Amino acid sequence: MSKTNPGNFFEDFHVGQVIRHATPRTVTSSDATLYTALYGSRFAVQSSDDFAHSLGYDRAPLDDLLVFHIVFGKTVPDISLNAVANLGYAGGRFLAPVYPGDTLSAVSEIIGKKENSNGTTGVVYVRSTGYTADGTEVLDYVRWVMVNKRDAASPAPDPVVPELPAALDPLVLGNAAPLLDLENWDNDLAGSPFRFDHYAKGEKIDHVDGMTVEEAEHQIATRLYQNTAKVHFNQHTEGKGRFGKRLIYGGHVISIARALSFNGLGNLFHITGINGGKHVAPLFAGDTVYAWSEVLATADLEGRTDVGALRLRLVATKNRPCADFPMKSADGKYEDGVLLDFDYWALMPK
Amino acid sequence: MSKTNPGNFFEDFHVGQVIRHATPRTVTSSDATLYTALYGSRFAVQSSDDFAHSLGYDRAPLDDLLVFHIVFGKTVPDISLNAVANLGYAGGRFLAPVYPGDTLSAVSEIIGKKENSNGTTGVVYVRSTGYTADGTEVLDYVRWVMVNKRDAASPAPDPVVPELPAALDPLVLGNAAPLLDLENWDNDLAGSPFRFDHYAKGEKIDHVDGMTVEEAEHQIATRLYQNTAKVHFNQHTEGKGRFGKRLIYGGHVISIARALSFNGLGNLFHITGINGGKHVAPLFAGDTVYAWSEVLATADLEGRTDVGALRLRLVATKNRPCADFPMKSADGKYEDGVLLDFDYWALMPK
Amino acid sequence: MSKTNPGNFFEDFHVGQVIRHATPRTVTSSDATLYTALYGSRFAVQSSDDFAHSLGYDRAPLDDLLVFHIVFGKTVPDISLNAVANLGYAGGRFLAPVYPGDTLSAVSEIIGKKENSNGTTGVVYVRSTGYTADGTEVLDYVRWVMVNKRDAASPAPDPVVPELPAALDPLVLGNAAPLLDLENWDNDLAGSPFRFDHYAKGEKIDHVDGMTVEEAEHQIATRLYQNTAKVHFNQHTEGKGRFGKRLIYGGHVISIARALSFNGLGNLFHITGINGGKHVAPLFAGDTVYAWSEVLATADLEGRTDVGALRLRLVATKNRPCADFPMKSADGKYEDGVLLDFDYWALMPK
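Chains as they are written, first to last, in this note's numbering: chain R, 1 to 350; chain L, 1 to 350; chain S, 1 to 350.
Any given hint might turn out to be false.
Given that identical chains are not distinguished, each listed pair holds provided it fits within a single copy or across any two copies.
When the alpha-carbon atoms are kept at most 27 Å apart in a straight line, the in silico DSS-like pairs for lysine-lysine are as follows [what the hints assert, rightly or not]:
{"no.": "1", "residue 1": "K204", "residue 2": "K114"}
{"no.": "2", "residue 1": "K201", "residue 2": "K114"}
{"no.": "3", "residue 1": "K350", "residue 2": "K149"}
{"no.": "4", "residue 1": "K328", "residue 2": "K3"}
{"no.": "5", "residue 1": "K278", "residue 2": "K3"}
{"no.": "6", "residue 1": "K230", "residue 2": "K204"}
{"no.": "7", "residue 1": "K3", "residue 2": "K350"}
{"no.": "8", "residue 1": "K114", "residue 2": "K245"}
{"no.": "9", "residue 1": "K3", "residue 2": "K201"}
{"no.": "10", "residue 1": "K204", "residue 2": "K3"}
Worth flagging that the hints you see were computed from the coordinates, not collected in a lab. Note that the structure is predicted; figures quoted are calculated from it, not measured.
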């Protein structure tokens, strides 16, 4: 029996199966610092213990996407080592703040499985949960991936396709943010004069700035998440592959776009839910990422007058500024240069 | 009204104006570690809690230039987003040690303003102050920048040009260093047998080593400082610009040169003041930085027998070793390859 | 007298000489995080305070090789600045766990010296010891380096060549790991179902994955270790040198190979001893590192039933997958692409 991890194939998954992932990791302020250095994020709540504490947090929580990437990374060796494609996300909920000193672990449950008509691949639906050492759930989300079959001749299982929400109900979100002492929210320190009521459904914001990505940067980030997907790291094999180069982890694009979105959404301090996300095109080192946002909806949170929720579409492009809000063309296809179409809920003070 | 920050133009500044900057940031030992990894700095006081504590510090303070860069970075979105050039520094004073756990914020006051004769730009003089959460001032400095006018037709303001010191009086410096328990200063651990009395005015030191800079390195550093100046990050636009490539943050050059200067100035443990600095030429990724120093003056500090102050000119070059101390040619212009001419006071044990 | 460090030449060393090195450094969780981000290491004991504490550690100790690199780095300015080659290692012992907050220093003793027949160089044998602020020795090892003579005419000293063990006795190792509470060793969290008894002498394991190295990565790593060897950092001079490019620190290769070896040796949580190591060929940025291991021996530790020791040969290659376990060809020479032949003892739970 081989000592190395061959990854799981389509046949290896069964609905109801629970997989406890390696490696637990204690996150520290150093993860926050390195995250800042990799993306240039400037949200005050995640940057300053004092700012966060004055609002009601214990101290500065880790960036929500950093938590997402660390949890996601743990699932890779068990879920997507033999994946052909990461097809989508749904129902991502941030359930509790994560602070320096917390140890993050992850567990996944297989919630659906359906063979493709070609008989060589199938789609596996997985709900993954990140939790801390005392069992507190900090994040859960569903993703579905196309996975190779080990043996094309193995029989197709009965298809099980879970019902997934197109969007989360904002009322069930927000538990990862304490009730804020709004008197201490300082727009100057936060970097934006615009609060919840300044934003309206349909509004589009070009985030203006662009960020060029280097191989060393995305590799350092992806290893920080202990994400072992081979395509991000091995030029020797990728050089002979479809693109001739290493593929950048899709989560890296989300984090760059989120950091760029500070310019226009500076007070949007906390992601509460991920409705869905599509990696439209691959990103490579040397490309420059731009981003724009559209307000898809606004919502009040039950029992909370301190914050409101914005539902946003965050679109990232490569080598294409976003003054014209590039998205889909008349034929329904994404325009050239669009990298990411990400749909999420986030909180802003009122 | 646009949600994104358009930056301030010449007309937007007025003398006496006070600007509180985003984003406060809690610095930690992780900033110190990343700084070490980015520059290879080896000064013992900033590297070892035990060494620093034995001398009278609470623990290892953050590197002075790291503090400078973090404070400087905060001023960029408000002061220099529309800057044509960073013209100079003066009167920089390090006022208190910064320790891991401190939260740094910055505020600026506009102290002067003068339109240029071309009518399209002007010079703005700014005093910026960095402080911790309890209000302790840790750094202040003046810089002046050339900023675009929004409208060339707007009338020129009455010129106000502040009087700035050509050099700081060393007697007013030094408060950021405790009285040192010199018995615990161990030359072997510090890495140099040379103390204050070994250096004399006029002495020149070639720091010998060279350091090649990579895009990923300066981008990671500049984002660590949350400095958003566009020219450092966007190859898509810079590729079509004057140089065809990203410009490296001038402060990155200062930090490389300071780290190289350990070889020759190993006991120069603390920068107390910045008299002035000029970025003579741009640095690009792939270039190799060298440095040399000249002792411009030596001084005793009133009431202190533990340390003396050296006033140094720190010169950095690119792709040019410094055995011949490259500086200005006969016509008064800087020689080819000179990047930086930096004038500062720093302390060395006696 | 020059203020800069000229490094020591062959004549400057004498047997019995003790050299206390600069710069003491307080290591923190930030070093662990950056190490993870640079190599992608996934060993649970070094990643999770909770996992480590449940087994008997105070908290997650720093990676053994990180400790090695930091101690090694301190010796460079005094031992190998004028080195022609790093010839070998022997007798490396990890003596106590190193935790965040510890301050690491290093001292070396010259234990042998022999001039080469060419009269221009000689070999110096050095035992280096790393210790924490309270004097606890955490690591010692011997290395021998070929060093230039300052003056070819200086007389050859009486040769002193120390007797060095070809391999360490595993019984004298293991003190840096506490007695483990094995009930808490969770294979799922650790990432491997294979324990000590699953491995047998002669077994070979291809670690499958490859990791491409970037200039920014090895420079950041090598500066993190405050290793100043010029060949790693200066493209301006190395571009004109033998290889035309910067040489990657050999320790970087060891750490990449060790991180890759997680895939196949996931429960091998702690390196106890380094029997020897040979850097067979240079590594350059852009190359992809692969690795394989061979179990050279297995051993019980006296008085311990919790863990056993594996003696392993860890071989790294560049741009060459290791399915065929590349090593030496019939003529006894290393095959093309082999980078590293590293012989070490490490512990695995029973």
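Status of each hint after checking the structure:
Proximity of K204 to K114 under the C-alpha cut-off of 27 Å is found in neither arrangement, the shortest distances being 38 Å within a copy and 38 Å between copies. Taking identical chains as interchangeable, the C-alpha atoms of K201 and K114 are never at most 27 Å apart, the minima being 37 Å within one chain and 43 Å between chains. With identical chains, the CA atoms of K350 and K149 are never at most 27 Å apart, being 51 Å at best within one copy and 34 Å at best between copies. Only between protomers do K328 and K3 lie at most 27 Å apart by alpha-carbon distance; the minimum there is 24 Å, versus 47 Å within a single protomer.
In this assembly of identical chains, K278 and K3 lie within 27 Å of each other by CA distance solely across copies; the values are 26 Å between and 35 Å within a copy. Only between protomers do K230 and K204 lie at most 27 Å apart by alpha-carbon distance; the minimum there is 22 Å, versus 36 Å within a single protomer. Taking the closest pair of Cα atoms, K3 and K350 come within 27 Å of each other only across two copies (16 Å); inside a single copy the shortest separation is 55 Å, beyond that limit. Proximity of K114 to K245 under the C-alpha cut-off of 27 Å is found in neither arrangement, the shortest distances being 31 Å within a copy and 49 Å between copies.
Taking CA atoms no more than 27 Å apart as the test, K3 paired with K201 passes between copies only; the shortest distance there is 14 Å, against 54 Å inside one copy. Taking the shortest alpha-carbon separations for K204 and K3, only the inter-copy value of 10 Å comes in at or below 27 Å, while the best intra-copy value is 52 Å.
Violated hints, listed in ascending order, are 1, 2, 3 and 8; each of the other numbered hints is respected by the structure.
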